[in-house]
Structures are given as structure tokens and as C-alpha cells.
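Chain order of the listed sequences is E and H. The opening residue of the first sequence carries number 1 in my numbering; numbering runs sequentially from there. The opening residue of the second sequence carries number 1 in my numbering; numbering runs sequentially from there.
These are computed hints drawn from the structure, not numbers from a lab. Bear in mind that the values here come from a model prediction, so they are computed numbers and not experimental data. Even for Gly, the Cβ is constructed at its ideal location relative to N, Cα and C. Take the hints with a grain of salt, since some may be wrong.
If you anchor each label on the Cβ, the simulated ranges turn out as follows [said to hold, decoys possible]:
id: 1; chain 1: E; residue 1: R109; chain 2: H; residue 2: R4; range: 17 to 25 Å
id: 2; chain 1: E; residue 1: P37; chain 2: H; residue 2: G33; range: 34 to 42 Å
id: 3; chain 1: H; residue 1: G33; chain 2: E; residue 2: H28; range: 43 to 51 Å
id: 4; chain 1: E; residue 1: S27; chain 2: H; residue 2: T99; range: 27 to 35 Å
id: 5; chain 1: E; residue 1: E8; chain 2: H; residue 2: R4; range: 33 to 41 Å
id: 6; chain 1: E; residue 1: D16; chain 2: H; residue 2: R30; range: 27 to 35 Å
id: 7; chain 1: H; residue 1: A98; chain 2: E; residue 2: T20; range: 44 to 52 Å
Pulled from the structure, derived: some chain E residues nowhere near chain H, Cβ distances all over 10 Å [claimed, not checked]:
id: 8; residue: E12
id: 9; residue: D17
id: 10; residue: E55
id: 11; residue: S57
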Amino acid sequence: MRTSVEWEIEVELLEDDWSTIRRALESHGRDPEADLPWLLELGLERYRRDEEEWEASGEAKGAATRRAQELRRRETAALVVSMRARTIVAEMRMHGLSERAHALGNALRENRQRMRSLREENALLQARIDRLNSSPSSSSTAFRRPGLWERIARRLTGRGR
Amino acid sequence: MTRRVVFPPLHRLRVRMPGVLGERFADFIREKGWTAEEGVKILLAYGADALTLPDRTFSEVFNEWAAARAELASLRHRAYLADEAIRGLQMNITGLEATNAQFQESLALQEARRARLRRVVAELEAQLGGEASPGQPSSDDAPDRAAAADALRTRPREQNRSG
């Protein structure tokens, strides 16, 4: 025994295509939202029937008869409606990702610039420390101060307080 | 300058297929190899087409089909290009996010190092009677700049490791 399958599917269509579908439903006194399952069932039945007709007229498949042409038109037109929405959704996603990549690229450039600037500043500070340490007053006065070099070493290495 | 792109508006709709219709739909899309979303869109369009029955001549039918076929080929190509671009962009974004996260850590370390060095400079200057205001470069810092430039040239790897 097969269990009942209940589908609830959310899809996106181009507004123009949806307008065409809505008008078609309304022209038959149908509600555009509530009668979507009815329309889908109609489409399913007609697709099946057209497919059977196409299969049955095997010898005429390549022929440019009016009926064969009409069957081809119906299928292609329906595929186009599906593909339009799918393509636009993919292109919108691509555009969104492209903007995100662009923003991240800008952030990376700013980070690199900031890193360069910090390294230069730190090298400058380090050079200043070296110069102060080697200055004559440093060797005559500061060098003799008890605990100075231990404190400096702790600060530089970040160990202890 | 950012590029403004305008996309055609989309309409989102929800379709509920209870019981038997749901089973038929499931069998149908499985047989066709379509996704459920594709199946819904194709069948809704197919059904709507059945409700509009304009009296077309053979050449009108042919022209309509030819135009649809050309549009379908173009749409498939565009979708393929978009899908490829999406894959590439996703990889780029992953790489850029990781690099930026690494930079944030390294920048924080460099900033901490700067703070430590500034304190040491201030302390040394205080001990030596103050050559300049604490933590600020002196007016005559040309020797420091030359030494710093030399250090950056000769010890880039050490700078990198220290973060």
C-alpha cells in the first residue's frame, strides 16, 4: 500500500510569466492562488496526453506538420518559463556573491595597508629603543639604574608584570 | 564605483498538492528527471497554455516555437555561465574570508607589540630625562627611520613570524 504523498513547494517565477498564468486562471473564473493545484493537474494531464500523442505519431516526429509543430511549441514554451526564473535566480546569486567578493577584496587591501603601516611604526619604535639604549646618557645613567633592564626585557617579551 | 544591476522582478508562490495529485506529481518528475521546483513551473506554464487557445496559423506556431527554442538555448547558456561563476566566486570568498581572518589576528598582535614598544620608549625617555614626549617620535628621528627601514629590509621573516 502506498502512502499518500503531500507536496508543498515554493517556487519563483518571473513576474511577467506569473501575470500570464494569473490572467489565464482568471479568464476561466479561477482563483489565481487557490486554484494552482487545479492548474498544475491540468498541466500534468495535458503534458501526459501530448506526450502519448507524440509517441504514437512516431513516424511524424521529424515532420513539420502543424500538429507536431504545436506539440513542440507547447513543450518549449513551458520549459522557457521554468528556465527564465532559474536563470535570473542564478544571475542574482552570482551578482550577490560578486559584490561580497569585491567587498572582501577591499577589506584585504585595507588590512595589508594597515599591516604595512604597523610594521613600519613598530620598526621605528624598535630603532628608537635601540638608539636610546646606546646613547651616552643611557650608558652613564640609565645603565646603572637597578632593575631597569629587567623591566624592559619583561615589557619586550611580554612575560611577567 | 559599484555597478547597478536591475533584475526583472520575481514572484514567489506556494503550491500545495494533496493526496493523489501529489503522488502523480512525484511519479511524473521522477520519470522526467526534473526537480520538484522545475516540475511545478513547467506544469503550471503548460496548464496556463492550455487555457489560452489563440487561433494560430502554422507560420505563427512555427515562429513562436523557433523564438522559444532560441530563448531556451540562450537561457541555458546564461544559467551555465552563472553556475560556473558562482562556483568560482564561492571559492574566492572562502579564500578571502580566511585571509582576512588571519590578518585580523596578525594585526591584533602587531598592535599589542606597538603598545609594548611605546611603553618601553616612554619608560626609557623618562629614565633618560626625556628626549621627546613619551611614545612620540622625536623631532630628529632620521636615524630611527634609517634603522627601521634597514630592519624591515633585512628581517622581513622575523617580522612576519612575530605577527
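Item to check | Distance restraint hint 27 to 35 Å, applied to the beta-carbon atoms of E/D16 and H/R30 | outcome: Given a distance of about 30 Å, which is inside 27 to 35 Å, the answer is holds.
Checklist entry - Taking 10 Å as the cut and beta carbons as the points, is E/E55 off the interface with chain H? => result holds, 13 Å
Checklist entry - Taking the minimum C-beta separation from E/D17 to chain H, is that value above 10 Å? => result At about 7 Å from chain H, E/D17 fails to clear the 10 Å cut-off, so the statement is violated.
Checklist entry - Taking the beta carbons of E/P37 and H/G33, is their distance inside 34 to 42 Å? => result violated, 23 Å
Checklist entry - Is it true that E/S27 and H/T99 lie within 27 to 35 Å of each other by Cβ? => result For E/S27 and H/T99 the Cβ distance comes to about 57 Å; the hint is violated.
Item to check | Range agreement (Cβ of E/T20 with Cβ of H/A98, hint 44 to 52 Å) | outcome: holds, 46 Å
Checklist entry - Is the hinted range of 33 to 41 Å satisfied by the C-beta distance from E/E8 to H/R4? => result holds, 36 Å
Checklist entry - Are H/G33 and E/H28 spaced within 43 to 51 Å by their CB atoms? => result violated, 31 Å
Item to check | Non-interface claim for E/S57 versus chain H (Cβ beyond 10 Å) | outcome: Its Cβ never comes within 10 Å of chain H, the nearest being 16 Å, so this holds.
Checklist entry - Between E/R109 and H/R4, does the beta-carbon spacing fit 17 to 25 Å? => result Taking Cβ atoms as reference, E/R109 and H/R4 lie about 23 Å apart, which means the hint holds.
Next on the checklist: If I take the minimum Cβ distance from E/E12 to any residue of chain H, is it greater than 10 Å?
Outcome noted: At about 5 Å from chain H, E/E12 fails to clear the 10 Å cut-off, so the statement is violated.
The structure fails to meet hints 2, 3, 4, 8 and 9 from the earlier list, while all remaining hints are met.
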